[in-house]
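First to last, the sequence lines map onto chains A and B. Each residue of the first sequence is one higher than the last, beginning at 1 in full-length UniProt numbering. Each residue of the second sequence is one higher than the last, beginning at 1 in full-length UniProt numbering.
Just so you know, these hints were derived from the structure itself, not from any lab. These numbers come from a predicted model, not from an experiment. Heads up, a few of these hints could be off.
[As the list claims (entries may be wrong)] With a straight-line cut-off of 35 angstroms between C-alpha atoms, the simulated DSBU-like cross-links for lysine-lysine are: (1) K264(B) x K258(A); (2) K116(A) x K88(A); (3) K258(A) x K78(A); (4) K55(B) x K67(B); (5) K195(B) x K264(B); (6) K224(B) x K116(A); (7) K67(B) x K264(B); (8) K78(A) x K55(B); (9) K258(A) x K195(B).
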Amino acid sequence: MSGIGGLTLTIGLPLIAALVLAALSAYERRTGTATGPGFFQRNGLAIGLYLVVAVGFWAFFIILLPQLAMVDMSFRPKLPPAQMGGPKDLYTLENYRYFLFGSTTSTAEWNWIHIKAFFLTIGVSVVITAFNFVICYPLAFHMAQSATLARLRLLLLLLIIPYWVNEILRAFAFRVLLSSGGIINQLLMGSGLTSEPFDFLAADIGLYMGLSYAYLLMMIFPLYNAIESLDRNQIEAARDLGAPWWHIHAFIVMPHSKPGIASGCTLVFMLTAGALAAPLVLGGPRTLWFTPIVYDRFYQAFNWPQGAAYALILLVTCIVFVLVVLRAFRLSLGEITR
Amino acid sequence: MTVSPFQRILFALYIAIFFVYLLGPLAVMGASAFNTPEYPQVWPFEGFTLDWFGKLFADQDMMYGLKMSLWIGLLVVCISVPIGLAGAIVMTQITPRARSLYYLVVVSPVLTPGIIIGISTVVFWRQFTGQTGTRFLYDGVILTVFGQASFISAYCMLIILARLQRFDRAQEEAALDLGASYPQVFFHILLPFLKPALFSAAVLAFLSSFENYNTTTFSILSEKTLTTVLAGRMRQGTTPAISALAVIIVAVTVLGAIVYEILKRRADAAAVQRQRAAQAAEEEELAGTPSPAPA
Chain A
1 MSGIGGLTLT IGLPLIAALV LAALSAYERR TGTATGPGFF QRNGLAIGLY LVVAVGFWAF
61 FIILLPQLAM VDMSFRPKLP PAQMGGPKDL YTLENYRYFL FGSTTSTAEW NWIHIKAFFL
121 TIGVSVVITA FNFVICYPLA FHMAQSATLA RLRLLLLLLI IPYWVNEILR AFAFRVLLSS
181 GGIINQLLMG SGLTSEPFDF LAADIGLYMG LSYAYLLMMI FPLYNAIESL DRNQIEAARD
241 LGAPWWHIHA FIVMPHSKPG IASGCTLVFM LTAGALAAPL VLGGPRTLWF TPIVYDRFYQ
301 AFNWPQGAAY ALILLVTCIV FVLVVLRAFR LSLGEITR
Chain B
1 MTVSPFQRIL FALYIAIFFV YLLGPLAVMG ASAFNTPEYP QVWPFEGFTL DWFGKLFADQ
61 DMMYGLKMSL WIGLLVVCIS VPIGLAGAIV MTQITPRARS LYYLVVVSPV LTPGIIIGIS
121 TVVFWRQFTG QTGTRFLYDG VILTVFGQAS FISAYCMLII LARLQRFDRA QEEAALDLGA
181 SYPQVFFHIL LPFLKPALFS AAVLAFLSSF ENYNTTTFSI LSEKTLTTVL AGRMRQGTTP
241 AISALAVIIV AVTVLGAIVY EILKRRADAA AVQRQRAAQA AEEEELAGTP SPAPA
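Let the sequences and hints guide you as you build the complete structure.
Written out as structure tokens, the structure is:
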């Protein structure tokens, strides 16, 4: 959003939103659908202003306008600062073309490395999400339905400890664990299973384990919250009527906790696909993962518009994917974030 | 409920494996902080040492990063909690027609990958500060606070909203009827009611900010935080001093959790006692007042 147009939008958008909201409120008051005191009447002037300024600044200057600026930049050519907003600063699809076909000077037909890394990132994120769901579900069910209060508190404490160790250190733990002289390789060689240390990191096993590990808790807490709200009598009733255990889970617990399952899976998927710490620490030079490629657009190629385009490709794909899956399970985005 | 011993053993085994997976890597890393070799390793254990902790504290960059992380964490708390509070209050007052759009906008940062938030924050503020002549705002610390505040404010809002939905508006109306002004209602009724949620939101905001890397690595520009220094170290190669840092973070977390648990138990006990005292007082009062004689 270079030039005067960008600045107009920056100031105009919040103003338009405020006008629309005020008009809507006046309309509802006239037609009688809204009753009671108006916004400033109800909150008082000082507090009303605080609410408007805080929410306005957050929604526009911290959330919406930066996203718009990124979208705008992704359609612009890479130019030195002096030429920005000049005659050469025209909208272009060059950055998106590059993702598909690569540099104009290369002979290859498609930009295979980036395309492969992109689809691998999405595919592996799906697998990791499914894996995390499978290993978290039994524990979440136990915590929500059958654990005693003392045990529940202990389990919650044990779960929370690794959560506050930052992502870099969690990834580092896997590097220590899986390195060629690490304890896993010592065990493997000591037991005679292998004679040479196995290079987990070059095989990307370290990366995938680290990614699964990093967002394990993003899965377990939504699951726990959702299963906890299920009335235990329903399970007892099903059991009394002779339902086998897997019937109870498939037809009672899971349908009830569908919003929690969806929210856990969405969080883990989005976070895994957008993870940067684990690929940086656990990935090798040959590792294919999309976020380090985005990072390199900015800090190695110094091509910000291209980086913005790459980031946007990732974001839009993830959102569309999540929405399609939610649609398939008949859930709305509002339900899962609640 | 009948569970066969076999199933019980199987489930115990599963729990054990789960927690080995969850805590094992941290334990191994922690142990490597006390071993002498240059490269972080646990086995063979060549000798016990605390040198790596000394090396960690002597590391200027790391200490500077730590200082900046603490500062940024505090600033994020100061911005995100008030924004989250305002966001939650507006959520309960906004017209239902606009509510779902508003909800979508303010909750979207929770689901947006961190690097995208970081990138978009830098891109926008670089242009905005350039155009308005406010270049001094284009600063790593300020941008990081803004970037992190986008999703941390949403966490705060969700926490505060959960409690706000249980707020009885009759309390507010009663106070207004008795002649309180709007600011008085806000400060003396609403805020005290929300206090526990505000406290949880502040703690969560600080911790989320402190451990953030994905957003920070972009928005920090030329400044440093603990996580960006760590990431830089990791690329140069690894030393057990990094493990020592993890040991300290885990120790502080466990200590904090234990203190929180003790405080919570004490508060629970106090609440029970208060309730008992109130009940006793009520019974006394009932016993003291002469009951109407049966006709």
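Outcome of the hint check:
Restraint check: the Cα-Cα separation between K264(B) and K258(A) comes to about 32 angstroms, which is no more than 35 angstroms; the hinted pair holds. A hinted pair counts as satisfied when its Cα atoms are at most 35 angstroms apart, and K116(A) with K88(A) qualifies at roughly 32 angstroms. Note on K258(A) and K78(A): the hinted pairing is violated, with a Cα-Cα distance of about 45 angstroms set against a maximum of 35 angstroms. With a C-alpha separation of about 17 angstroms, the suggested pair K55(B) and K67(B) falls inside the 35 angstroms cut-off, and the hint holds.
As the CA atoms of K195(B) and K264(B) are separated by approximately 14 angstroms, the hinted pair is consistent with the 35 angstroms bound. Straight-line distance between C-alpha atoms of K224(B) and K116(A) comes to about 33 angstroms, which keeps the hinted pair within the 35 angstroms bound. The straight-line distance between the Cα atoms of K67(B) and K264(B) is roughly 30 angstroms, inside the 35 angstroms bound, and the hint therefore holds. A distance of roughly 43 angstroms separates the Cα atoms of K78(A) and K55(B); the hinted pair therefore is violated under the 35 angstroms criterion.
Under the criterion of a C-alpha separation no larger than 35 angstroms, the hint pairing K258(A) with K195(B) is consistent with the structure, at around 32 angstroms.
Hint check: violations occur at hints 3, 8; the rest are consistent with the structure.
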